[in-house]
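Here the protein sequences line up with chains A and B, keeping their order. Numbering follows full-length UniProt numbering, with no gaps: position 228 of the first sequence is 228. Numbering follows full-length UniProt numbering, with no gaps: position 204 of the second sequence is 204.
Accuracy of the hints is not assured; some may be wrong.
[Said to hold, decoys possible] Under the rule of at most 27 Å between Cα atoms (straight-line distance), these lysine-lysine pairs were calculated in the BS3-like manner:
#1 A:Lys16 - B:Lys380
#2 B:Lys25 - B:Lys64
#3 A:Lys16 - B:Lys106
#4 B:Lys35 - B:Lys64
#5 B:Lys12 - A:Lys16
#6 B:Lys12 - B:Lys359
#7 A:Lys266 - A:Lys290
#8 A:Lys244 - A:Lys183
#9 A:Lys76 - B:Lys61
#10 A:Lys17 - A:Lys120
#11 A:Lys133 - B:Lys61
#12 A:Lys80 - B:Lys61
#13 A:Lys24 - B:Lys380
#14 B:Lys215 - B:Lys377
#15 A:Lys266 - A:Lys244
#16 B:Lys380 - B:Lys12
#17 B:Lys109 - B:Lys359
#18 A:Lys136 - B:Lys380
#19 B:Lys380 - A:Lys80
#20 B:Lys109 - A:Lys98
#21 A:Lys80 - B:Lys25
#22 B:Lys380 - A:Lys17
#23 B:Lys64 - A:Lys133
#24 A:Lys136 - B:Lys35
#25 A:Lys136 - B:Lys107
#26 A:Lys98 - B:Lys12
#27 A:Lys98 - A:Lys32
#28 A:Lys98 - B:Lys377
#29 A:Lys120 - B:Lys106
#30 A:Lys32 - A:Lys266
#31 A:Lys17 - B:Lys25
#32 B:Lys107 - A:Lys80
#33 A:Lys80 - B:Lys109
#34 A:Lys244 - A:Lys289
#35 B:Lys106 - B:Lys61
#36 B:Lys109 - A:Lys76
#37 B:Lys359 - B:Lys25
Derived by calculation from the structure, the hints in this document are not laboratory data.
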Amino acid sequence: MYSVEVQHISKSYTVKKQTTPALKDISFSVKKGELFGIIGPDGAGKTSLFRILTTLLLADEGTATVEGMNVVNEYKAIRKQVGYMPGRFSLYQDLTVKENLDFFATIFNTTVDENYDLIKDIYVQIEPFADRKAGKLSGGMKQKLALSCALIHRPTVLFLDEPTTGVDAVSRKEFWEMLKRLKEQGITILVSTPYMDEAEMCDRVALIQNGSILSIDTPQQIVASFAETMLAVRSTNMLQLLNKVRESSFVENAYPSGIYHHVILKQHATAEQLEQELQAATFAGLEIKKGQPTIEDCFMQLMRI
Amino acid sequence: MKPQQHTQAKQKNGAARRQFFSFVKKELLHIWRDKRTLFILLGMPVVQIIIFGFALTNEVKNSKIAVLDQSKDAATASLIAELNASRYFDVEANLTSYKEIEAAFKKGKIKLAVLLPSQFAEDLKHVNKASVQLIADASDPNVANTLTNYATAVIMDYQDRITNKQRLPYSINVETRMLYNPQLKGAYNFVPGVMAMVLLLVCTMMTAITIVREKEMGTMEIMLVSPMRPQMVVIAKAVPYFLLSSINIASILLLSVFALEVPINGSLLLLVTESLLFTLVSLSLGLLISSAAASQQVAMFISLVALFLPTVMLSGFMFPIENMPFPLRMISNIVPAKWFYIIVRSVMIKGVGLAAVWKETLILTGMLLFFLTVAIKRFKIRLQ
Numbered sequence: 001m002y003s004v005e006v007q008h009i010s011k012s013y014t015v016k017k018q019t020t021p022a023l024k025d026i027s028f029s030v031k032k033g034e035l036f037g038i039i040g041p042d043g044a045g046k047t048s049l050f051r052i053l054t055t056l057l058l059a060d061e062g063t064a065t066v067e068g069m070n071v072v073n074e075y076k077a078i079r080k081q082v083g084y085m086p087g088r089f090s091l092y093q094d095l096t097v098k099e100n101l102d103f104f105a106t107i108f109n110t111t112v113d114e115n116y117d118l119i120k121d122i123y124v125q126i127e128p129f130a131d132r133k134a135g136k137l138s139g140g141m142k143q144k145l146a147l148s149c150a151l152i153h154r155p156t157v158l159f160l161d162e163p164t165t166g167v168d169a170v171s172r173k174e175f176w177e178m179l180k181r182l183k184e185q186g187i188t189i190l191v192s193t194p195y196m197d198e199a200e201m202c203d204r205v206a207l208i209q210n211g212s213i214l215s216i217d218t219p220q221q222i223v224a225s226f227a228e229t230m231l232a233v234r235s236t237n238m239l240q241l242l243n244k245v246r247e248s249s250f251v252e253n254a255y256p257s258g259i260y261h262h263v264i265l266k267q268h269a270t271a272e273q274l275e276q277e278l279q280a281a282t283f284a285g286l287e288i289k290k291g292q293p294t295i296e297d298c299f300m301q302l303m304r305i
Numbered sequence: 001m002k003p004q005q006h007t008q009a010k011q012k013n014g015a016a017r018r019q020f021f022s023f024v025k026k027e028l029l030h031i032w033r034d035k036r037t038l039f040i041l042l043g044m045p046v047v048q049i050i051i052f053g054f055a056l057t058n059e060v061k062n063s064k065i066a067v068l069d070q071s072k073d074a075a076t077a078s079l080i081a082e083l084n085a086s087r088y089f090d091v092e093a094n095l096t097s098y099k100e101i102e103a104a105f106k107k108g109k110i111k112l113a114v115l116l117p118s119q120f121a122e123d124l125k126h127v128n129k130a131s132v133q134l135i136a137d138a139s140d141p142n143v144a145n146t147l148t149n150y151a152t153a154v155i156m157d158y159q160d161r162i163t164n165k166q167r168l169p170y171s172i173n174v175e176t177r178m179l180y181n182p183q184l185k186g187a188y189n190f191v192p193g194v195m196a197m198v199l200l201l202v203c204t205m206m207t208a209i210t211i212v213r214e215k216e217m218g219t220m221e222i223m224l225v226s227p228m229r230p231q232m233v234v235i236a237k238a239v240p241y242f243l244l245s246s247i248n249i250a251s252i253l254l255l256s257v258f259a260l261e262v263p264i265n266g267s268l269l270l271l272v273t274e275s276l277l278f279t280l281v282s283l284s285l286g287l288l289i290s291s292a293a294a295s296q297q298v299a300m301f302i303s304l305v306a307l308f309l310p311t312v313m314l315s316g317f318m319f320p321i322e323n324m325p326f327p328l329r330m331i332s333n334i335v336p337a338k339w340f341y342i343i344v345r346s347v348m349i350k351g352v353g354l355a356a357v358w359k360e361t362l363i364l365t366g367m368l369l370f371f372l373t374v375a376i377k378r379f380k381i382r383l384q
């Protein structure tokens with residue numbers, strides 16, 4: 001049984017007679033109770049996709065359903081059932097934490113007490129600041145409040161558009177822990193993020209770039225399907241090393257990644273061939289090892305195809 | 001089955017009512033927390049009434065004049081005293097020669113010079129005819145006109161008094177009476193104008209801006225993805241501004257009656273009802289603008305240029321509509337403030353009842369229905 005089904009959705013924007021495609025023939029399905037990640041850089045089409053699913057935008061082509069309801073015809077029913085957290089902080093800055101929460105509870109025909117158990121984990125962290133204006137909260141606190149507000153009516157599907165953008169690393173980690181707990185309550189969660197490292201927190205991810213889905217699978221499968229040989233190299237002079245590697249006839253692609261450069265070899269090249277070539281160039285402190293591909297490496301590779 | 005449906009419908013209504021009041025409460029909090037804007041909204045009518053009432057007046061009071069008295073007899077002395085005594089004139093300078101007149105004007109201090117030729121009293125007694133020359137600074141033609149009229153009136157008064165024993169056998173006496181506003185007070189004119197202006201600013205501009213702000217902040221996105229009906233969102237946003245406007249109507253009326261001494265000659269109930277009708281027209285215009293504007297600046301610009309200017313220029317408050325060229329007279333008909341201005345002037349100053357202003361009331365009601373329908377039709381249930 002699927003919570004969200006998207007079939008052949010396309011959407012383009014026309015600004016000053018110039019048409020820019022935002023989504024190109026997108027299809028995917030999200031199972032009930034799944035934590036589904038949509039991962040891609042800025043401008044990939046994530047927000048457009050979320051807005052179509054939350055009935056805020058009409059697609060040019062294709063159909064989509066949320067909990068079996070059509071996003072075009074049955075938008076009223078969908079709006080009662082889903083929780084949505086837009087990309088930028090969208091609560092009332094001049095209202096206090098408590099006022100915001102009470103307000104959203106009433107708008108969604110419920111009370112804070114009624115569904116307190118669902119938001120309790122999250123809300124206790126911001127409860128000490130209940131009388132503080134929402135605009136005065138830190139980025140992580142704001143996200144927690146926004147999530148509480150989006151959850152207050154016990155939605156069956158939760159749409160979170162880049163909830164961790166602009167939030168510090170600790171808060172990000174906490175946020176994902178909260179999402180995992182919500183998943184246990186049976187809520188289907190669609191979350192978009194530009195951070196590749198967050199992909200492994202999801203049950204399944206769709207990698208999206210320029211309005212097209214590059215791959216949909218579990219993060220483990222995506223990493224496992226990485227077919228090329230990848231090496232991690234480092235030396236004391238990283239810039240020269242990168243230039244040298246990129247010039248090499250055995251190398252398909254090379255880019256910095258943390259303290260190493262990741263090097264993707266051409267199909268018939270071997271690690272030894274590159275090693276010999278680099279040894280000959282006498283780099284100080286040269287280290288070559290087999291690289292462990294991450295989602296980011298997969299993304300970079302998929303983008304080249 | 002039926003009673004169950006009934007209770008369901010009842011619950012639904014209750015929920016909608018709670019949503020609505022919760023939204024209004026939230027909106028009031030926004031206004032209350034933004035003290036500066038609140039202060040401007042409530043203070044603006046007070047300041048405008050005071051500025052128009054006491055500073056920006058086109059009545060002529062205490063104008064400085066110069067007198068060149070070449071006769072220096074009892075008659076001229078009493079005439080000059082009479083001029084000086086009227087509240088329109090202050091005799092600033094007594095000139096001694098003809099040449100000094102232009103110099104006095106050039107200094108810019110005086111607005112009018114009164115020339116009394118030599119042997120004024122003699123001529124008056126023996127020839128039964130004396131002349132007075134009035135020289136006015138006509139760089140502002142309206143002021144010059146008013147001043148010469150006032151001066152002539154004072155001189156005629158004086159003449160009447162000294163000749164009342166020996167009336168000429170045939171004479172036509174023109175007697176003018178200024179109805180409704182015998183003292184020709186400017187306040188009678190601008191109080192209705194200020195009301196129209198303030199209501200337009202508070203209702204139209206503020207409502208438009210506050211709705212567009214929700215769009216800009218992204219909160220409208222959440223409101224749309226909620227069970228609350230989109231139309232209810234905009235109507236709930238307009239309610240607090242309706243309340244604010246009611247306060248403004250009250251403060252304008254109180255100030256006009258007690259500070260400017262403009263009476264309310266007609267029915268107060270009718271006046272307030274008509275003002276609330278105009279408030280609703282302004283609110284619906286604000287809703288209409290908000291559906292067209294994408295940013296707060298655009299909303300403000302449309303409100304100011306497309307509404308405020310026509311209200312000031314074409315409502316008849318600053319410039320009489322009768323004197324305008326035909327195209328402008330036509331355009332003035334679609335300016336709601338024009339009709340409101342007519343209604344307020346009629347009810348407040350002339351003291352007439354609904355029977356006299358039913359046509360204008362009907363036009364405003366029509367405008368209200370039209371704007372409201374278009375605004376709600378145009379309100380987007382989605383982002384695009």
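So, going through the hints one by one against the coordinates:
1. A:Lys16 - B:Lys380: 21 Å, holds
2. B:Lys25 - B:Lys64: 56 Å, violated
3. A:Lys16 - B:Lys106: The hint is violated at about 59 Å.
4. B:Lys35 - B:Lys64: The given pair, whose Cα atoms are some 44 Å apart, is violated under the 27 Å limit.
5. B:Lys12 - A:Lys16: 44 Å, violated
6. B:Lys12 - B:Lys359: Roughly 40 Å separates the two Cα atoms, so the pair is violated.
7. A:Lys266 - A:Lys290: 15 Å, holds
8. A:Lys244 - A:Lys183: 47 Å, violated
9. A:Lys76 - B:Lys61: 66 Å, violated
10. A:Lys17 - A:Lys120: 49 Å, violated
11. A:Lys133 - B:Lys61: 54 Å, violated
12. A:Lys80 - B:Lys61: Violated, at roughly 67 Å.
13. A:Lys24 - B:Lys380: 25 Å, holds
14. B:Lys215 - B:Lys377: Given pair Lys215 of chain B, Lys377 of chain B holds - Cα atoms ~18 Å apart, limit 27 Å.
15. A:Lys266 - A:Lys244: Within the cut-off at roughly 15 Å; holds.
16. B:Lys380 - B:Lys12: Distance of about 23 Å is within 27 Å: holds.
17. B:Lys109 - B:Lys359: Not OK: Lys109 of chain B and Lys359 of chain B at ~49 Å, beyond 27 Å, violated.
18. A:Lys136 - B:Lys380: Outside the cut-off at roughly 31 Å; violated.
19. B:Lys380 - A:Lys80: Between Lys380 of chain B and Lys80 of chain A the Cα gap is close to 18 Å, so the pair holds against 27 Å.
20. B:Lys109 - A:Lys98: Violated, at about 65 Å.
21. A:Lys80 - B:Lys25: 22 Å, holds
22. B:Lys380 - A:Lys17: 22 Å, holds
23. B:Lys64 - A:Lys133: 59 Å, violated
24. A:Lys136 - B:Lys35: 18 Å, holds
25. A:Lys136 - B:Lys107: Judged against 27 Å, a Cα distance of about 60 Å means the pair is violated.
26. A:Lys98 - B:Lys12: Holds, at about 25 Å.
27. A:Lys98 - A:Lys32: 31 Å, violated
28. A:Lys98 - B:Lys377: 34 Å, violated
29. A:Lys120 - B:Lys106: 82 Å, violated
30. A:Lys32 - A:Lys266: Violated, at about 41 Å.
31. A:Lys17 - B:Lys25: Violated, at about 43 Å.
32. B:Lys107 - A:Lys80: Measuring from Cα to Cα gives roughly 76 Å; hence the hint is violated.
33. A:Lys80 - B:Lys109: 74 Å, violated
34. A:Lys244 - A:Lys289: Measuring from Cα to Cα gives roughly 17 Å; hence the hint holds.
35. B:Lys106 - B:Lys61: Given that 27 Å is the threshold and the Cα spacing comes to 21 Å, the pair holds.
36. B:Lys109 - A:Lys76: The hint is violated at about 73 Å.
37. B:Lys359 - B:Lys25: This hinted pair is violated, its Cα atoms lying about 37 Å apart.
When each numbered hint is compared with the structure, violations occur for hints 2, 3, 4, 5, 6, 8, 9, 10, 11, 12, 17, 18, 20, 23, 25, 27, 28, 29, 30, 31, 32, 33, 36 and 37.
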